[in-house]
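Assemble chain B onto chain A, guided by the hints.
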Amino acid sequence: MTDFLLELRSEEIPARMQDKARDDLARLFTAELAKSGLSAAAIVTYATPRRLALIARDLPPETLAVSEEVKGPKTSAPPQALDGFLRKTGLTRDQLVERDGIFFAVTEKPGRATASVLAEAIPAIIRAFPWPKSMRWGAASTSTESLRWVRPLHGIVALLGETIVPIEIAGITSSATTYGHRFHHPGPITIGSAADYVEKLRACHVIIDQAERQSIIALGATMAAAKAGLTLVRDEGLLIENAGLAEWPVPLLGRFDEQFLAVPPEVIQLTARVNQKYFVCRDAAGNLANAFVCTANIDAHDDGAKIVEGNRKVLAARLADARFFYDTDLKVPLDDLHPKLEKIVFHERLGTVADKVDRVAKLARWLVEEGIVTQSPSRSREGLGEGLSANEALSVTSPPPTPPASGRGELAAQAERAARLAKADLVTGMVGEFPELQGLMGGYYAAAQGEDPAVAAAIRDHYKPVGQGDDVPTDPVTVAVSLADKLDTVASFFAIGELPTGSKDPFALRRAALGILLLIERSSLRLRLHQAFDFAVGEVAQSFGYTVAMRIGGDLAAVFDKTARDFASTRELIQSLLHDERVGVHEDNPVVSAFLESSNRATPALLSFFADRLKVQQREAGVRHDLIDAVFALGGEDDLVRLLARVRALQAFVTTEDGTNLLAGYKRAANILKKENVALAGEGAAPLAAAASTPFYTPEPAEAALHAALDAAEPAAADAVAQEDFEAAMAALATLRAPIDAFFDAVTVNDVDPDKRIARLALLARVRAAVHTVADFSKIEG
Amino acid sequence: MTNPLSFQRMILTLHDYWSDHGCLILQPYDMEMGAGTFHPATTLRALGPDTWNAAFVQPCRRPTDGRYGENPNRLQHYYQYQVILKPSPPDLQDLYLGSLAAIGVDMNLHDIRFVEDDWESPTLGAWGLGWEVWCDGMEVTQFTYFQQMGGFDMKPVAGELTYGLERLAMYIQDVDNVYDLKFNDAGVSYGDVFLENERQMSTWNFEVADTDTLFDQFRKSAAECENCLSRGLPIPAYEQAIKASHTFNLLQARGVISVAERQAYIGRVRDLAKGACGAWMEKNGWAV
Chain A
1 MTDFLLELRS EEIPARMQDK ARDDLARLFT AELAKSGLSA AAIVTYATPR RLALIARDLP
61 PETLAVSEEV KGPKTSAPPQ ALDGFLRKTG LTRDQLVERD GIFFAVTEKP GRATASVLAE
121 AIPAIIRAFP WPKSMRWGAA STSTESLRWV RPLHGIVALL GETIVPIEIA GITSSATTYG
181 HRFHHPGPIT IGSAADYVEK LRACHVIIDQ AERQSIIALG ATMAAAKAGL TLVRDEGLLI
241 ENAGLAEWPV PLLGRFDEQF LAVPPEVIQL TARVNQKYFV CRDAAGNLAN AFVCTANIDA
301 HDDGAKIVEG NRKVLAARLA DARFFYDTDL KVPLDDLHPK LEKIVFHERL GTVADKVDRV
361 AKLARWLVEE GIVTQSPSRS REGLGEGLSA NEALSVTSPP PTPPASGRGE LAAQAERAAR
421 LAKADLVTGM VGEFPELQGL MGGYYAAAQG EDPAVAAAIR DHYKPVGQGD DVPTDPVTVA
481 VSLADKLDTV ASFFAIGELP TGSKDPFALR RAALGILLLI ERSSLRLRLH QAFDFAVGEV
541 AQSFGYTVAM RIGGDLAAVF DKTARDFAST RELIQSLLHD ERVGVHEDNP VVSAFLESSN
601 RATPALLSFF ADRLKVQQRE AGVRHDLIDA VFALGGEDDL VRLLARVRAL QAFVTTEDGT
661 NLLAGYKRAA NILKKENVAL AGEGAAPLAA AASTPFYTPE PAEAALHAAL DAAEPAAADA
721 VAQEDFEAAM AALATLRAPI DAFFDAVTVN DVDPDKRIAR LALLARVRAA VHTVADFSKI
781 EG
Chain B
1 MTNPLSFQRM ILTLHDYWSD HGCLILQPYD MEMGAGTFHP ATTLRALGPD TWNAAFVQPC
61 RRPTDGRYGE NPNRLQHYYQ YQVILKPSPP DLQDLYLGSL AAIGVDMNLH DIRFVEDDWE
121 SPTLGAWGLG WEVWCDGMEV TQFTYFQQMG GFDMKPVAGE LTYGLERLAM YIQDVDNVYD
181 LKFNDAGVSY GDVFLENERQ MSTWNFEVAD TDTLFDQFRK SAAECENCLS RGLPIPAYEQ
241 AIKASHTFNL LQARGVISVA ERQAYIGRVR DLAKGACGAW MEKNGWAV
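Top to bottom, those sequences are chains A and B. The first sequence begins at 1 in the working numbering and counts up by one. The second sequence begins at 1 in the working numbering and counts up by one.
Isolated chain B, as found in the complex:
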């Protein structure tokens, strides 16, 4: 790797690669969420019989992972590159390895392994089988064949690839600290863009966010979700479920949810997400 890709060039290369392989290139969803899987282009579009191939970057917010910009590997806001292919193509592993080659991973020099890691999202009522993909011992991608989403069996099964963009870039650029990543080829680093963001957001997530407001928001999102469901509007209902999920994550970071309550909150979010998925199935006439 004489001239490793910058962070943005790596994203553009993945876009080109997956565009060439028949994917729609979508943009990030404009809401806070904990993982790319929450994007309706994954959750809702994975359901039903229609063919659906899409790729997009999704910013992820994990308030409890914040480290005030002091940990070289942990961020409360980071990017995932998400590919969803339905039905899962027979050569999905080869397609994936092709994308690694495209961004400059030499597979005759590096050790790529598929290590068992079954994926489950209790808040989405979803699970699948697959692997975490290791590159020289580092997990760079979550590779999953969805089996259920929102409590519904996948008909057909979709394949989901979730690349950890920062990790992959750190690996390709051979840097030990995420903030040292080259964002572009003109001298701007990841730290230039995001370090102050991490500091302020960590402080807000852990110390400042008003918990009464958050509890109130959670209740209101849940109520609004039910309201949308009663009006036969699965998409806005699902958006409210995403909001409730993120509000719950913030409450966790504030340390105001006890172990016993935690399960109840997760169950509540799952019910909302399942409700939205069910309404989506119904709206599209996919018999449940």
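Same shape as in the complex, but just chain A:
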């Protein structure tokens, strides 16, 4: 058993690609070897900026000899069949093996030397390597068929035990020679075998193991911070990136001018991280300190003094830029930025960002006025005062919570105000430089410009939650704006027929929908989805119609009653405009007709889209999707809070013994009804109902008992549902379980007397209807 070492040495591999490259190398290597029946006891992979390496443990010296057997015709088959088989296999009659009256062609494949398998496998792996981006280079690139690699490939070390596996690809020949650190040890090194690879490189200032480089940086940076009396702000992504940029990492702490601390800490952290890949530190009080930690790739003989000084200057220039943006932005009231939003196209068929802001402001106000978002003083105020993210948040001064006593009118005004200002920071200098600071900067500017703290907080947090696991806002002003923004986004794109399909979701509508679900669930918002969608789509239609009218002529814009809110009347308005001779735009205008068609379908499409999103989201919370289907199937339930309460009660119930048996009884009843083609409603339902309520014969005891049980359970279940007490509704249904079982045990539904048969079918239909007051049990699996 022998170990194999492969090193592919190239010019600098982008840090972000190194982890995946290691995985791909291991995967391709395993697959190539498997083709020859070889497998390693273990595979270890390494990546540095300049090399990708693999060590495979305990490879056998050669592959196993295999004998391949191909089944031929029966010995009794006509001679033509045998001739055909001999032609196919290239064998003669006496080379075939006869067994159980069948011919077999047996080929013995001797074992192959592992080295020769590797010599074929490695070039195949290199040629097939799935780099996210690859390139050609050098004289060979006269042909576009020349070898592609992430950056120019320079050397291959391939050693099986201590023997070089001969490989040649694109003019590179394998050897035992590699090179050390670019500056510390630029000369060649000879590797003996996989056993000394890691240590020989270490001696030449290359730490081949990425995990070791990460711990060197983590430890060094933490120590450097501690030595300065500070705490390092941990950042896993940055750690991995820095480890991917150095073969010999040396973390160094530097200081920047304290005056830059006047800039918000998130801005400093982002500048340091994104532009320079530096860590930042906190002081003892938890505030951002005027210090950074950079990671050099060299052990300089002045202990890095010059390196730190150079990096300090670069950071200072960056922070000076950031400070310039911050100071300049602060001078312009957010209100004054609105005209600039009119110049940014949100989507060519949905107008500008200013149009969106207008719709969101109306929606935010509507959400409060309808009593959907209310003051909720009892709720906790999590989500306020969070920094960049939960695990690396710097402390930011939180505004005081919204005063609980203020009325609905004030809340509506705050929600509208926050919505009107929420997108203004998109045209500030700082957000132009760092788009990821959108929202946050608006919050800072609003607070500095004297906006109500709740309004400033809403501007800051209105993009949240940006996905599962993100903080979900609970402050009512923020909730109203965040919800309105996301509702408008999904409604707008559905209104113009831009629906997500398969893996394509260019406008991140699934994420917006998830955000809406999380907001509703977290604050238990009583929102009728169809109503909200109608309102939002109506707003889109109105602004679309307005745009059409403006295009036709300014005076006609006045035709639009800007207070008209419902979708239907806006549609009518557009249609009446189309018939207006003065307008000159006709129904067959492709833009207008396409919009009318897609917007008309938007609300039902949105409801089914949300049903799907809800199932995806709830699956992660352990809720069964069939139960969600069972509740959705009732129709008309689009209040998610009530829907989920119903689903949860249902999930608890169906796992009890009563639940399981009731489900079995229900299914038996439903199957009989289905077989008999008995409708729940419509023609034939009325006589059935009559038959059920007034039996004209003496029912059997079990039949009478079931009637009695239904008489009691039906109103109890209906009452409980009306009260939204779904546990009680389930309990009411549970009382049916024993009578149903008894009925099926004692009574024959298909009685020879057709009247009795009808009456009993009617009774079963009543059972089914009673169960359906809670959920459509036919959708429940099991």
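Hints were generated in silico from the structure; no laboratory data involved. Keep in mind the model is a prediction, meaning the values are calculated, not measured. A hint or two may mislead.
Claimed, not checked - Sample of chain A residues with no beta-carbon within 10 Å of chain B, all distances over it, derived:
1. Val314
2. Asp534
3. Thr656
Claimed, not checked - Below, in silico cross-link-like pairs of lysine-lysine (BS3-like), each with a Cα-Cα straight-line distance of 25 Å or less:
4. A:Lys313 <-> A:Lys227
5. A:Lys109 <-> A:Lys88
6. A:Lys133 <-> B:Lys274
7. B:Lys182 <-> A:Lys313
8. A:Lys615 <-> A:Lys504
9. A:Lys133 <-> B:Lys155
10. A:Lys306 <-> B:Lys182
11. A:Lys313 <-> A:Lys20
12. A:Lys504 <-> A:Lys20
13. A:Lys331 <-> A:Lys343
14. A:Lys35 <-> A:Lys20
15. A:Lys20 <-> A:Lys133
Using N, Cα and C, we set each Cβ at its ideal position, and we do this for glycine too.
Structure of chain B alone, referenced to chain A:
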């Protein structure tokens, strides 16, 4: 670094270095352009199978980067040192590091890093893979292996080095303000040469340039480019594309091009540049 190089001495040192390594030393192109890559010695000469090694300084104009001479790091007019080597030699990184050593960068005392930065020029229909080279955290060079130019695959690939001369000099001379750079060793500073230029040009770029004239120029350059192409003259056609590109940059600085229009203008310039590159390929008989 006991006696750091002046700005002009640094340029002369790079000229000597790249001349010694087989490059033609060319002079700046006599037209306004946003980057050294626009120089026909890069754009047009990068195309086709011929060996081509050249180095030159190219003044770059980026009207929107003007700061009226008040920002110590930003200029609307600055110099790039441009090296183009086709095919890209196998030791291009070492050659480059040698040039840094020549101008006085001690790589055992400073941290040189190759950080992923893929280059793309939407107006030239060009892209390549490479890095920005960091020296103690500062980007001093753009290092690119061109993969496409004017929409054509490179056959073979050319390596391009673009040094930011002012940044590199600020670093070597250890000054914080570009205007404090020593231009020569006789007491003339960068500010003496260029500060007033920055002030006046910023004012013109942002406030004065007549936009009607500029729009007109853009249209005329585009039309003239087409005219040259129809007459089988790729070089003058390419010059008109450069003019259109710079006129577009000026219009942007004047803030008269909306976000929606911007893409259309870039697309127009790209079509002109691609047209010129295509005609150049055809003229030279390089089958497309």
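* Which numbered conditions among the earlier hints are violated in the structure presented, ordered from lowest to highest? -> 1 and 11
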